[in-house]
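K.L.:
Chains as they are written, first to last, in my numbering: chain G, 1 to 321; chain B, 1001 to 1571.
The hints are simulated quantities; they were obtained by calculation from the structure and are not laboratory data.
Note that the structure is predicted; figures quoted are calculated from it, not measured.
It cannot be assumed that every hint is accurate.
[Stated by the list, open to error] Straight line, CA to CA, 20 Å or less: simulated EDC-like cross-link-like pairs of lysine to aspartate or glutamate:
{"#": "1", "chain 1": "B", "residue 1": "LYS1231", "chain 2": "G", "residue 2": "ASP60"}
{"#": "2", "chain 1": "B", "residue 1": "LYS1255", "chain 2": "G", "residue 2": "GLU174"}
{"#": "3", "chain 1": "G", "residue 1": "LYS80", "chain 2": "B", "residue 2": "ASP1070"}
{"#": "4", "chain 1": "G", "residue 1": "LYS85", "chain 2": "B", "residue 2": "GLU1436"}
{"#": "5", "chain 1": "G", "residue 1": "LYS85", "chain 2": "B", "residue 2": "GLU1215"}
{"#": "6", "chain 1": "B", "residue 1": "LYS1231", "chain 2": "G", "residue 2": "GLU90"}
{"#": "7", "chain 1": "B", "residue 1": "LYS1385", "chain 2": "B", "residue 2": "ASP1372"}
{"#": "8", "chain 1": "B", "residue 1": "LYS1317", "chain 2": "G", "residue 2": "GLU51"}
{"#": "9", "chain 1": "B", "residue 1": "LYS1220", "chain 2": "G", "residue 2": "GLU94"}
{"#": "10", "chain 1": "G", "residue 1": "LYS85", "chain 2": "B", "residue 2": "ASP1210"}
{"#": "11", "chain 1": "B", "residue 1": "LYS1458", "chain 2": "G", "residue 2": "GLU174"}
{"#": "12", "chain 1": "B", "residue 1": "LYS1220", "chain 2": "G", "residue 2": "GLU64"}
{"#": "13", "chain 1": "B", "residue 1": "LYS1209", "chain 2": "G", "residue 2": "GLU90"}
{"#": "14", "chain 1": "B", "residue 1": "LYS1231", "chain 2": "G", "residue 2": "ASP77"}
{"#": "15", "chain 1": "G", "residue 1": "LYS85", "chain 2": "B", "residue 2": "GLU1143"}
{"#": "16", "chain 1": "B", "residue 1": "LYS1115", "chain 2": "B", "residue 2": "ASP1210"}
{"#": "17", "chain 1": "B", "residue 1": "LYS1458", "chain 2": "G", "residue 2": "GLU54"}
{"#": "18", "chain 1": "G", "residue 1": "LYS28", "chain 2": "B", "residue 2": "GLU1342"}
{"#": "19", "chain 1": "B", "residue 1": "LYS1209", "chain 2": "G", "residue 2": "GLU54"}
{"#": "20", "chain 1": "B", "residue 1": "LYS1408", "chain 2": "B", "residue 2": "ASP1395"}
{"#": "21", "chain 1": "B", "residue 1": "LYS1207", "chain 2": "G", "residue 2": "GLU94"}
{"#": "22", "chain 1": "G", "residue 1": "LYS55", "chain 2": "B", "residue 2": "ASP1070"}
{"#": "23", "chain 1": "B", "residue 1": "LYS1317", "chain 2": "G", "residue 2": "GLU174"}
{"#": "24", "chain 1": "B", "residue 1": "LYS1458", "chain 2": "G", "residue 2": "GLU90"}
{"#": "25", "chain 1": "B", "residue 1": "LYS1354", "chain 2": "B", "residue 2": "GLU1342"}
{"#": "26", "chain 1": "B", "residue 1": "LYS1255", "chain 2": "B", "residue 2": "GLU1239"}
{"#": "27", "chain 1": "B", "residue 1": "LYS1318", "chain 2": "G", "residue 2": "GLU51"}
{"#": "28", "chain 1": "G", "residue 1": "LYS80", "chain 2": "B", "residue 2": "GLU1215"}
{"#": "29", "chain 1": "G", "residue 1": "LYS28", "chain 2": "B", "residue 2": "ASP1454"}
{"#": "30", "chain 1": "G", "residue 1": "LYS28", "chain 2": "B", "residue 2": "GLU1457"}
{"#": "31", "chain 1": "B", "residue 1": "LYS1107", "chain 2": "B", "residue 2": "GLU1171"}
{"#": "32", "chain 1": "B", "residue 1": "LYS1220", "chain 2": "B", "residue 2": "ASP1070"}
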Amino acid sequence: MLKYTIRRVLGMIPMLFLISIVVFSLAKLMPGDSLSGEIDPSNTDPQYISEMREKLGYNDPVHEQYFRWITNFVQGDFGKSTRYKIPASEIIAERLPNTIFLGMMSLLITYVFAFFMGSFAGRKPYTLGDNIISTFNYIGLALPSFIAGVFAIYIFAFNLGWFPSNGSVNISLEPGTLDYWLSRIHHVLLPAIVLGALSTASYTQFLRNDIIENTRKDYVRTARAKGTPESKIYNTHIMRNSIIPLVTFLGIDIGVLVGGAIITETIFTYPGIGQLFLNSVTQRDYPVLMAVTMLLSFLTLFGNLVADLLYGLVDPRIRLD
Amino acid sequence: MKKPLFWLSMLVLVLSAFLAACSGGGSSEPSNTEKEKENAAEENGPQDGGTLTYALDTEFKGLLNWNFYDMDGDDDIIELFDDPLIDYDENLQAQPNIASWETEDNKNYTFTFEKGVKWHNGEELTVNDWVFAIETIATLGGEHQRWSNVNTIEGVKDFNEGKADSISGLEVVDDYTLKIAFDKARVNNLENVWAYPLSRKEFEGIKPKDMAASEQVRTKPVGTGPFKVAKVVPGESVELVRNEEYWKGKPHLEKIIVKVIDSSLTTGELKNGTVDLAPFHPTVLPEVEALENVEVVKYPGLSYYYVGFKLGKFDGKKVVMDIEKYQNTKLRQAMLYAINREEWVDAFFSGLGKPLNRPIPTSHWIAADNADMPVQYEYDPEKAKALLDEAGYKDADGDGFREDPNGKEFVVNFSHYATGNPTFEARAKAFTQYWEEVGLKTKLQMTDVNLYYDQLEKDDPSLEVFYGGWGTGTDPDPLPLWGNDTVWNYPRWVNDDAQKLLEDAVDIEVVGTDTEKRKELYVEWQKIFNEEVPVLPILELEEVMAVNERVQGVEYDVSGQNSAHEWWIKQ
């Protein structure tokens, strides 16, 4: 297993390298750069713009720009954001906690809801309850998050006033106090539900189908025949088998946790990595854009590795060598 | 059959729940007690206390210092906690604020500071802080976006190159008096010079190039303004508290919270009263006006939109007018007569704009009276057709569209930038319809906004007729936009008479310090522009701000908002 892990980690290096080439060239192929756009002439001097272009190396051939960037990157220098004027790593570190908090919350919601709804629906398939859950699932799968987000804000924030519609915290509260954390949870709940709705739906459906399938297995029939209580069959025997595939989703969720919230964060004006990423694309803030992309690619690869390792752990039939 | 029916009824139920939610939030007339309260407030004058929430629709970058900000968003916040040395009135004429000045020759200026103005850290503001700001920018030189605002001071270039230890043009007489000598006399030395101090004490020991990233700029900024920054949540919100020692008097408000909200949330937040002040896009004006607790304040803006023609190219130094297709003035004039600008403004800007016949917003003191313009471009398709006939653009092959004077097919290739805004394509389409109505075949091309400006700047041949806009600042000089050696002259229009007028108007030898004389020259220039129409002026934009009814004392004019220390909340 250790050998397998090392091999996989080493395999990531060329992969990340290739990703960096593709992303860098795509970023540079985008028309314009961080100094173009609708320019206010009274505030911007053409000489300043051309000097900055020269200084930032935008006039050099693309491959030279790439090698300059990658050399600094592997040495841990991600470059300085052209938009925020501070190192890209700092701006990412500033926003990352918000995104992780949102992601964790949405995962928690996903797991709790999916677990209860899935096991209920799996135990009592084709009943009214199962059908209601399925309806919810199909709505969850069919509604894109930007629609769900707008509706959620309209109903729960504007009309019912249960949640705030924007931001991550009430600024007047002292950081670290209980009120501060309650305010953060209050702010994150609505975007987390919207973000979690889609995966809740697919997890629920997955768990339900797996439970139904397992119910028809021989070992369940045997357990029933020897008089094991129905609740024990479901809670112990079936649940343990059905949960295995779900555990492995955790690995993939790591990547989603950080990168999956681009739209949701923008709609809820929630200052996280997703919003930062979108802004860095529209503003051509290459250092931030590249650093975020590399971070997301790494997390996705890493998540896949974790998923594979978890397979081996939870299911002894799978061996990794 | 049973089940589908069940689901259908479920669906209807859910939908009706939505509708109920949509129509919710009934209205109510202000009750008597509220009215009484209102009267009481008016009698007693401003009340102290209360928290005002100010919404921004673009994320702020966190460069919270006049000397380092460079994009929208940050300046809205800085304005609340830091005062400029020089202010501008509703005619955009410079007015003394902290600094007043005297000059005999427009070259040597003597500035005098108010006494007793204090930074939020308790230090008194002196002219040394201004010298420090200029030195900081001069050290960074061309890397700093304000370099052009200081490099007109004598000795700044030597200082930048390390040839001098101090700037020879700056002479500190005492803590409140500074003499500045510019390298030569200009009409706009005062408007151009960088008039924002930087606290020497706060930035002690920080290298100029590290300042923008320092916490003194990003999270713990100080200023001299009516409010102090208490807390900054990066990219999200800023909390400002009253500066008890503000030099113009104690502010009424206890606190101001500035927060960024997505523009789609503005109407809802305003309605719920969770936001007191908010800018918004003209297209949502009807929705905002319908809110009962919100007043819409309109004030003249400094930006205008136009339709331009590529008449040539920029060769790196000079504008060369060498593209034939749209050289005919009558063709350009006809295209303006063909547009119903009033209808267009109403449809796509909710009426928040006025058609104009010159490339200068009305509020600028150099703007010519519209009545003085030789050609009044009213919507007149018949006149447009007549002009086109005169110019030789006739329908030769009977297909309903005009050919060029040589009988070749003539297609107007019109480009407009595309962002996420869905109204852009519609408003561009409207232009093509106006032109097709007078027989000009038009093709519309929507281009991604970044590519668009790139093409515009580099004179890409795929761009022929284009939609654009300019926001002008307080300095009215049209030379940077319409001169014959500037890259911003997007239509690449050259007219020697016009160029001469613009150059004369900023030549101190010709106009001296006489603003009337300067204005006359600009009026002449606008007349030429009006006849030539290298770009078709479409509208000047009116700015709007939504203000909650409980907020009082907030005023806007063309130079922006009044000082926040005058704002108050009715309790």
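K.L.:
Tell me, in ascending order, the numbers of any earlier hints that this structure violates.
P.N.:
1, 4, 7, 11, 12, 14, 16, 18, 21, 23, 24
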